[in-house]
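Novice: Residue 1 is where the sequence shown starts when you use this note's numbering, and the numbers rise one by one after that.
No wet-lab data here; the hints were simulated from the structure.
Predicted, not measured: the structure shown is a model, and the values here were computed from it.
Don't be surprised by glycine CBs; every beta carbon is placed ideally from N, CA and C.
Don't take every hint at face value.
[Unchecked claim] Derived DSBU-like pairs: lysine-lysine, alpha-carbon spacing no greater than 30 Å straight-line:
id, residue 1, residue 2
1, Lys72, Lys92
2, Lys72, Lys59
3, Lys92, Lys59
4, Lys36, Lys4
5, Lys36, Lys59
6, Lys72, Lys36
[Said to hold, decoys possible] Derived CB-CB ranges, DEER-like:
id, residue 1, residue 2, range
7, Asn5, Gly108, 15 to 23 Å
8, Ser145, Pro8, 17 to 25 Å
9, Gly108, Asp88, 39 to 47 Å
10, Ser145, Thr69, 29 to 37 Å
11, Gln93, Asp73, 32 to 40 Å
12, Leu44, Asp141, 16 to 24 Å
13, Met39, Asn107, 17 to 25 Å
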Amino acid sequence: MGNKNLRPSDRVAVLGSIDPDAYLASTVTTGWVSAKQFMTFMALVQAGTLGTNATLDAKIEQASDSSGTGAKDVSGAAITQLTQAGTDDSDKQAVINLRHEDLDIANGFDHIRLSITIGTAASDAGGVLLGLDPAYGPASDNDASSVAEIV
Numbered sequence: 001m002g003n004k005n006l007r008p009s010d011r012v013a014v015l016g017s018i019d020p021d022a023y024l025a026s027t028v029t030t031g032w033v034s035a036k037q038f039m040t041f042m043a044l045v046q047a048g049t050l051g052t053n054a055t056l057d058a059k060i061e062q063a064s065d066s067s068g069t070g071a072k073d074v075s076g077a078a079i080t081q082l083t084q085a086g087t088d089d090s091d092k093q094a095v096i097n098l099r100h101e102d103l104d105i106a107n108g109f110d111h112i113r114l115s116i117t118i119g120t121a122a123s124d125a126g127g128v129l130l131g132l133d134p135a136y137g138p139a140s141d142n143d144a145s146s147v148a149e150i151v
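Using the sequences plus the hints, can you model the full thing?
Specialist: Here it is as structure tokens:
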């Protein structure tokens with residue numbers, strides 16, 4: 001059993017968010033965040049109502065600094081495309097798990113972001129990038145400035 005004195009917010013930080021909204025066919029991202037403080041990461045992708053024939057792709061990208069220098073995809077950190085046609089993936093969620101060692105740290109890639117691309121038609125979507133298992137201190141010390149309260 002885990003330490004009963006630890007709150008979940010001591011172990012998990014909200015690093016970035018793509019606020020739930022109706023987005024035109026485009027790509028939306030979180031900001032670039034440092035991956036130095038956490039051992040693992042998780043992105044929660046939320047598809048709301050997808051427009052006619054819409055598609056939704058999501059992935060985690062890595063870069064060498066907070067401005068996105070040298071941005072590239074993290075291998076194996078992308079979801080299978082959600083679609084409105086056929087199976088209708090509206091109102092579904094997808095999770096991307098990532099370990100620190102999945103990043104190209106040897107070449108200085110120590111920043112990450114969540115990227116969601118909506119294709120063909122405007123659709124409702126959102127996402128959250130979480131940092132888990134902090135190297136030092138409570139995870140909430142690294143929360144995005146958009147986190148208004150921890151209860």
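Novice: Holds or violated: Lys72 with Lys59, Cα cutoff 30 Å?
Specialist: 10 Å, holds
Novice: Between the beta carbons of Ser145 and Thr69, is the distance compatible with 29 to 37 Å?
Specialist: 22 Å, violated
Novice: So does Leu44 sit 16 to 24 Å from Asp141, Cβ to Cβ?
Specialist: With a Cβ separation near 21 Å, Leu44 and Asp141 satisfy 16 to 24 Å, so the hint holds.
Novice: Between Ser145 and Pro8, is the Cβ distance one that fits in 17 to 25 Å?
Specialist: 20 Å, holds
Novice: Can the suggested window of 39 to 47 Å be confirmed for the beta-carbon pair Gly108 and Asp88?
Specialist: Holds, at about 42 Å.
Novice: Check the hint pairing Lys36 with Lys59 against an upper bound of 30 Å on the C-alpha distance.
Specialist: Roughly 19 Å between the alpha carbons, so the hint for Lys36 and Lys59 holds.
Novice: For the pair supplied as a hint, Lys92 and Lys59, confirm whether the alpha-carbon distance does not exceed 30 Å.
Specialist: Status holds; Cα separation ~16 Å.
Novice: For Lys72 and Lys92, compute the direct alpha-carbon distance and say whether it is at most 30 Å.
Specialist: The hint holds at about 26 Å.
Novice: Straight-line Cα separation of Lys72 and Lys36 no greater than 30 Å?
Specialist: 18 Å, holds
Novice: Regarding Met39 and Asn107, is the given constraint of 17 to 25 Å on their beta-carbon distance met?
Specialist: Because 20 Å falls inside the window, the suggested range holds.
Novice: Given the hint of 15 to 23 Å, is the C-beta distance from Asn5 to Gly108 inside that range or not?
Specialist: 37 Å, violated
Novice: Would you mind confirming whether the straight-line C-alpha gap from Lys36 to Lys4 stays at or under 30 Å?
Specialist: Since the Cα atoms of Lys36 and Lys4 sit roughly 26 Å apart, the hinted pair holds (cutoff 30 Å).
Comparing the model with each numbered hint stated earlier shows that hints 7, 10, 11 do not hold.
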